[in-house]
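Residues per chain, in single letters:
2 protein chains.
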Amino acid sequence: MKRIAIDMDEVIADIIPKQLTRYNDTFNEALTLKDLHGYKLRHLRPERVEDICNFYREPNFFRDLGVMKDSQEVIQELMGKYEIFITTAAMEYPTSFTAKYEWLKEHFPFLNDLNFVFCGDKSIINADYLIDDNVKHFPNFKGQGILFTSPHNVNETKYVRVNNWQEVRDYFLK
Amino acid sequence: MKRIAIDMDEVIADIIPKQLTRYNDTFNEALTLKDLHGYKLRHLRPERVEDICNFYREPNFFRDLGVMKDSQEVIQELMGKYEIFITTAAMEYPTSFTAKYEWLKEHFPFLNDLNFVFCGDKSIINADYLIDDNVKHFPNFKGQGILFTSPHNVNETKYVRVNNWQEVRDYFLK
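Residue numbers (the numbering used here), protein chains in the order written: chain A, 1 to 174; chain B, 1 to 174.
What the hints contain is simulated information worked out from the structure, not anything from laboratory work.
Hints may be right or wrong, so weigh each one.
Note: identical chains are not told apart, hence a pair may lie in one copy or across any two.
Stated by the list, open to error - In silico DSBU-like links for lysine-lysine, alpha-carbon gap of 30 Å or less:
#	residue 1	residue 2
1	Lys142	Lys81
2	Lys34	Lys69
3	Lys158	Lys105
4	Lys40	Lys81
5	Lys142	Lys34
6	Lys40	Lys174
7	Lys81	Lys18
8	Lys69	Lys142
Excised from the complex, chain A in its bound form:
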């Protein structure tokens, strides 16, 4: 059985709405999804990178994120033909461990928690595919990187791209 590793933030966990609300509320701005076209928030506001990272360090920041549309259904379908692991770069924000674990148990209760991986450098992942929004993980990944579209990565052209979970289904099950 081939194995698919799946990232959390911006792939199954819808972090951007919360990120924008938290940022706009704190700094009295009105940034929208459109402003993030081609950028991460921290690149758009480099003078506030520390404040932005501090949002992610709040123990509950990751606990109440939305679930990306269709991700639950498609992952359940994929489980019939593939081994599924969730691989998140949690070491960047170690205070997020518990929130991320609880979020997964709440929204993806059909996954085996022995298949959750909290890591940093994803070259340690032994899988055939990695679905991720962050291209930095692909060059040293041993399998096929699959770029999940997120506003910050829209200008990347080097990788196989999926725009949503219906396209993930088509890629793996058609």
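Based on the hints, put chain B in the right spot on chain A.
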């Protein structure tokens, strides 16, 4: 550069003395290291497996463990010739995440925390070697499993064995 994945408990973290103290204090027994020859504590006292697992679920159980003799020095030496990752089956006790992370930062500050991996099923680890006391991780590991001696595994004969960190040094650097 070849990559070595290293387990925590009973390999770099000296869990058994605390385990015995905690157990003996709770149940008014006097088990010693000798009693664990060939057994894990939970196999020696199967009627108390839930109580024993509850020790590990205490958020700080893993925070003040001792460091296995010579592990710090030898790992620093190994870093000159190998990539080092710490790979621990933390998903079995999710309440241990923070304690394990802080313990690593305290005792192995020379390691990059992006090279820490909290996982469950270690077949997800992409490394050339895995030093572990638990043989269950070896059959599906893609590289060479190296069994680190611990009382419970003394009767295992199927794997390359190292008895202490001096023997790890000899295996990798001689």
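Hint by hint, here is what the structure shows:
1. Lys142 to Lys81: Classified as both; 20 Å inside a copy, 21 Å across copies.
2. Lys34 to Lys69: So Lys34 and Lys69 pass the 30 Å test inside one copy only (19 Å; across, 55 Å).
3. Lys158 to Lys105: neither (34 Å within a copy, 36 Å between copies)
4. Lys40 to Lys81: neither (34 Å within a copy, 36 Å between copies)
5. Lys142 to Lys34: For Lys142 and Lys34, neither the intra-copy (34 Å) nor the inter-copy (44 Å) Cα distance is at most 30 Å.
6. Lys40 to Lys174: neither (32 Å within a copy, 47 Å between copies)
7. Lys81 to Lys18: Answer is neither; intra-copy 33 Å and inter-copy 43 Å both fail.
8. Lys69 to Lys142: Only inside one copy: Lys69 and Lys142 sit 28 Å apart there, 34 Å across copies, limit 30 Å.
In summary, the numbered hints that this structure violates are 3, 4, 5, 6 and 7.
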